[in-house]
Amino acid sequence: MGIPRPLFWGYVGLLLFMIGDGVETSYLSKYFGDDLGFSATGAGAIITVYGVTAAVASFLGAGLLSDRWGPRRVMAAGAVIWVLFHALMLGVAVPAGSYWLVMVTYGLRGFGYPMFAYGFLSWVMAVAPRDHQSKAVGWFWFCYSSGYPIIGSFVFAAVTPSLGFYRTLWLSLAVILAGSLVVLLLLRERTGFSGLAPGRDARAELAGTFRILVEKPKLGVSLVIRLINTTPSFGMWVFMPFFVRDLGFSDGEWNSLLVVMMVANLGALLVFGVLGDNWSGRKTCALFGGVLGAVGCLLCYYLPAAAGYDFPVAAVAVAVYGAGLAGYVPLPAMMIAQAPERQGQVMGVYTLGAGLSVAVGPLIGTVTYGSFGFRGLVWVYAALLLLNAVLCLRVTSPGDGLPVPPTDGAGDVPGGGGERRAPRPRGQQRPGPASVSGRTSR
Numbered sequence: 001m002g003i004p005r006p007l008f009w010g011y012v013g014l015l016l017f018m019i020g021d022g023v024e025t026s027y028l029s030k031y032f033g034d035d036l037g038f039s040a041t042g043a044g045a046i047i048t049v050y051g052v053t054a055a056v057a058s059f060l061g062a063g064l065l066s067d068r069w070g071p072r073r074v075m076a077a078g079a080v081i082w083v084l085f086h087a088l089m090l091g092v093a094v095p096a097g098s099y100w101l102v103m104v105t106y107g108l109r110g111f112g113y114p115m116f117a118y119g120f121l122s123w124v125m126a127v128a129p130r131d132h133q134s135k136a137v138g139w140f141w142f143c144y145s146s147g148y149p150i151i152g153s154f155v156f157a158a159v160t161p162s163l164g165f166y167r168t169l170w171l172s173l174a175v176i177l178a179g180s181l182v183v184l185l186l187l188r189e190r191t192g193f194s195g196l197a198p199g200r201d202a203r204a205e206l207a208g209t210f211r212i213l214v215e216k217p218k219l220g221v222s223l224v225i226r227l228i229n230t231t232p233s234f235g236m237w238v239f240m241p242f243f244v245r246d247l248g249f250s251d252g253e254w255n256s257l258l259v260v261m262m263v264a265n266l267g268a269l270l271v272f273g274v275l276g277d278n279w280s281g282r283k284t285c286a287l288f289g290g291v292l293g294a295v296g297c298l299l300c301y302y303l304p305a306a307a308g309y310d311f312p313v314a315a316v317a318v319a320v321y322g323a324g325l326a327g328y329v330p331l332p333a334m335m336i337a338q339a340p341e342r343q344g345q346v347m348g349v350y351t352l353g354a355g356l357s358v359a360v361g362p363l364i365g366t367v368t369y370g371s372f373g374f375r376g377l378v379w380v381y382a383a384l385l386l387l388n389a390v391l392c393l394r395v396t397s398p399g400d401g402l403p404v405p406p407t408d409g410a411g412d413v414p415g416g417g418g419e420r421r422a423p424r425p426r427g428q429q430r431p432g433p434a435s436v437s438g439r440t441s442r
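Mapping to the UniProt record's numbering: the sequence shown position 253 is 253, numbers consecutive.
It cannot be assumed that every hint is accurate.
What the hints assert, rightly or not - Just the calculated beta-carbon pair ranges, DEER-fashion:
(1) Phe154 to Val295: 23 to 31 Å
(2) Ser162 to Asp131: 47 to 55 Å
(3) Val159 to Leu181: 19 to 27 Å
Everything labelled a hint here was simulated from the structure, so no lab data went into it.
In this text, a Cβ means the ideal position worked out from N, Cα and C, and glycines have one as well.
Using the sequences and the accompanying hints, generate a full structural model.
Quick look at the structure:
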């Protein structure tokens with residue numbers, strides 16, 4: 001199925017953690033606006049600050065910190081940060097009704113989920129064989145997206161009418177704790193218990209993560225691709241609720257639309273993971289992530305605007321966008337293929353782009369929505385996704401003729417830690433003792 005068996009409980013823990021993180025997704029911006037009295041752009045600014053801290057944590061969690069501490073410790077630190085600042089937001093900032101306290105506590109909580117999630121992604125990439133990396137990453141994003149926001153949205157819909165949103169946010173903390181304990185108590189695969197590259201100097205490793213963007217220009221292109229990948233989704237999740245509310249949709253119906261979007265995303269994730277492994281990663285990203293994503297983005301405005309209050313029509317629009325959002329699942333394997341001996345730095349670049357999108361998506365909306373409305377916003381996002389389609393074709397993917405790097409006689413990339421082996425090209429014989437062979441998302 002593509003799930004590395006030793007990491008099974010990690011996938012379960014990730015699913016639970018992201019359920020807890022996803023409870024708030026469909027309503028948080030409106031909660032800040034309607035319940036706490038902040039403006040739409042003020043709510044967008046809070047979520048932008050959250051995105052900035054998430055970007056920093058994404059970069060450190062899957063790169064430098066996983067190399068030095070090991071993914072397990074990074075995940076544990078992320079869980080502690082999430083729980084601490086979520087409790088402070090609910091226990092102090094929200095009762096005080098303070099905009100700035102909410103911004104600080106929610107913003108600092110942004111360090112939590114990327115360290116947990118992308119720390120585990122580093123673990124996955126360190127354990128999964130190269131020929132199954134896209135599938136393993138596809139399952140990572142399947143669990144991630146199942147929790148955030150699909151099952152999280154179902155939890156919201158099920159319990160908020162009786163508990164209210166504020167108490168539901170306390171429930172999300174309990175689910176976060178459950179997911180964290182599953183990982184810390186049941187995930188026993190040993191690779192993630194120690195640093196993936198513990199002997200490397202931290203400052204040199206950090207500098208190397210940025211230097212690799214110059215040394216490997218296609219990784220710089222890939223950083224932009226990953227940034228654009230989820231920029232529209234994080235922006236639309238903040239501003240689309242205001243658009244559909246004006247058309248007559250209730251909060252529950254918007255929540256259901258979000259579920260439709262991400263259910264379509266889940267099905268497409270597994271399909272595109274197989275396509276990336278067996279057809280072409282870059283073509284999968286360009287055609288489905290770029291072109292289909294741009295079309296879906298525009299449909300999210302134009303179909304509901306034309307049909308008015310019509311749930312099935314709106315559901316078609318968000319489903320198309322959700323499927324396109326999954327088109328980038330081959331990207332991590334494409335990036336690692338550019339520099340397989342520097343996996344920690346490559347994953348730092350990947351997750352930096354992922355984290356930046358959490359900030360850039362709402363930031364674009366904050367700047368655009370007030371003047372141009374949701375229509376102008378989706379055109380900006382669609383243009384970015386079409387640019388992405390062009391950029392994806394510039395990144396060589398496994399199977400597209402990328403030269404395979406040399407290895408030592410044991411089949412491991414020099415300096416790569418020996419944690420992963422890749423399949424030999426078809427028809428190539430197993431090397432003898434004195435021979436040297438080659439080997440080596442969302």
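Tested hints:
no.: 1; hint: Phe154 to Val295: 23 to 31 Å; result: holds, 27 Å
no.: 2; hint: Ser162 to Asp131: 47 to 55 Å; result: holds, 48 Å
no.: 3; hint: Val159 to Leu181: 19 to 27 Å; result: holds, 21 Å
Checked against the numbered hints given earlier, this structure breaks none of them.
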